[in-house]
Amino acid sequence: MKLIIAIIQPHMLENVKKELYSRDVNLLSVNEVIGHGRQKGVTEMYRGHRETGNMLRKIRLEIAVNDNFVKPTVEAIITGARTGELGDGKIFILPLEECIRIRTGETGRVAIG
Amino acid sequence: MKKLLLVVIALFCMGSLLFAEETVNTINSGDTAWVLISAALVMLMTPGLAFFYGGMVKKKNILSILMQCFTILAIVSVQWVLFGYSLSFGKGNGFIGFFEWAGLKNIGLGSGPYSDTIPHLIFIMFQAMFAIITPALIIGTFVERMKFPFFILFTILWATLIYDPICHWVWAKDGWLAAKGALDFAGGTVVHINAGISALVMALLIGKRKNTTLGPTPHNLAFTLLGTALLWFGWFGFNAGSALAANGLAANAFMVTNTAASAAALSWIIVEWIFAGKPTTLGMATGAVAGLVAITPASGFVDIFGSILIGLIVSPVCYFMITIVKSMFKYDDALDVFGVHGIGGIVGALLTGVFANPSINGIGKGVLFGNLNQLWIQFLSIIAVIAYSAIGTFIIFKVLNVFVKARVDEKEEALGLDLSEHNERAYTLIE
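Protein chains in written order, with numbering that gives the first Met the number 0: chain R, 0 to 112; chain Z, 0 to 430.
Everything labelled a hint here was simulated from the structure, so no lab data went into it.
Among these hints, one or two may not hold up.
Derived pair list, reagent style BS3-like, types lysine-lysine, alpha-carbon separation capped at 30 angstroms [said to hold, decoys possible]:
{"id": "1", "chain 1": "R", "residue 1": "K57", "chain 2": "Z", "residue 2": "K209"}
{"id": "2", "chain 1": "R", "residue 1": "K57", "chain 2": "Z", "residue 2": "K277"}
{"id": "3", "chain 1": "R", "residue 1": "K89", "chain 2": "R", "residue 2": "K70"}
{"id": "4", "chain 1": "R", "residue 1": "K39", "chain 2": "Z", "residue 2": "K329"}
{"id": "5", "chain 1": "R", "residue 1": "K39", "chain 2": "Z", "residue 2": "K207"}
Let's have the full structure, built from the sequences with the hints guiding it.
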């Protein structure tokens with residue numbers, strides 16, 4: 000089992016969702032986050048006082064999958080979120096020790112899907 | 000027992016009828032209606048100011064701004080009828096009024112000495128709204144870091160010891176600046192320079208906010224624009240209501256108010272576009288308010304030409320103060336009360352002495368109409384208000400700070416005043 004975390008551009012979320020659904024990945028959670036990569040965020044200016052290094056809005060996806068779903072999920076995110084410009088985001092894949100469905104108490108493979 | 004009560008009530012009614020008959024003759028219903036509405040318009044400016052300021056602070060501090068504005072509304076309303084009005088407008092010496100009208104005794108329902116055509120009571124309420132918004136303007140300088148108990152005591156003392164005397168100097172029958180012929184139609188010196196200078200002193204005394212630049216750190220500029228709209232709307236009561244009549248002078252004040260606000264909004268946009276790269280909503284709103292401030296003393300004296308120039312001139316001056324001078328001297332006047340109200344008020348008071356057109360109002364003749372001396376009188380009134388306001392505010396702060404803590408500690412500041420001072424949050428993370 001793996002936990003896939005992806006940081007993507009907010010306006011690419013709908014695209015990524017479509018790609019995930021088409022590969023039968025239907026369970027995800029979505030967070031609004033702020034941050035910046037190498038492009039160092041945006042500049043804001045209030046009454047002439049410059050504020051640099053301000054954060055950009057991003058979307059953070061968390062998807063827990065069984066091992067055979069790792070590849071399709073990563074493909075879906077890349078296909079859906081790539082524009083080729085700076086700031087498209089990143090995908091992190093972490094090992095997942097356990098997964099428990101609260102309603103039934105099931106664990107492991109069955110609990111994820 | 001019942002009979003006795005009826006007799007008493009009948010006598011009471013007769014008494015007030017007799018009283019009303021004596022005085023009702025000079026009251027004009029059109030004037031009265033306009034000043035009643037104007038008082039309500041000016042009242043709305045204080046909550047409007049709360050949103051103007053509230054949008055410019057971090058989201059953990061917006062309730063403290065709203066709370067301070069509404070608390071001032073409550074405190075000064077009571078202070079005003081108890082003794083504030085009498086100190087400001089009552090008979091006294093050139094410096095301050097005495098207590099003849101304390102608790103509004105000897106007022107009645109008829110007209111008063113400041114206008115024959117409206118009831119004295121509505122003049123009192125109209126002026127109450129000015130006494131309320133002036134200390135409310137000051138809070139913009141010490142946002143995000145003042146203890147609430149200190150704020151309450153400061154407000155009571157400042158309203159009584161600073162606002163009431165200066166109001167008396169400029170607007171009372173026996174005020175010394177009024178006697179000198181200083182022109183201030185609706186409060187350029189009394190309200191804006193006064194609040195702006197006090198704000199600068201407070202900024203220096205309370206010190207900088209932690210972990211931030213010297214500019215505002217807005218969390219919701221839509222609130223700020225909403226507040227600007229309410230201020231602009233209320234300002235028609237502030238300026239056109241100051242005619243104390245529904246007449247041509249009021250109409251002129253209304254027109255120059257709107258024109259100057261618009262010209263100043265435009266000139267701010269232009270200056271910002273040139274020097275900062277992009278026109279901003281906050282800049283446009285700030286320009287509009289600066290224009291409204293600058294036209295305030297002039298609104299009963301200048302014509303359309305004067306109002307456009309006042310609007311065009313004030314924004315670049317305020318912009319320069321806020322961006323260059325503030326950065327140079329590094330005082331944390333967080334929401335630019337000094338930069339907009341103090342400087343805008345000074346620009347407006349001086350330009351009133353330049354553009355006052357005697358065909359608009361016979362008592363005001365500016366430099367452009369051959370009266371050089373008016374500029375000197377305006378200058379004198381500005382210096383007098385600056386000196387008194389600065390020294391008075393300094394003393395009030397220092398004395399109060401011996402007994403009560405002025406500033407929240409670092410932990411409270413990081414937590415935000417909404418939680419540290421009021422145990423509330425404006426926006427919940429979890430419903």
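Each hint, compared with the structure:
1. R:K57 with Z:K209: Status holds; Cα separation ~27 angstroms.
2. R:K57 with Z:K277: The hint holds at about 24 angstroms.
3. R:K89 with R:K70: Roughly 15 angstroms separates the two Cα atoms, so the pair holds.
4. R:K39 with Z:K329: Status holds; Cα separation ~26 angstroms.
5. R:K39 with Z:K207: holds (27 angstroms)
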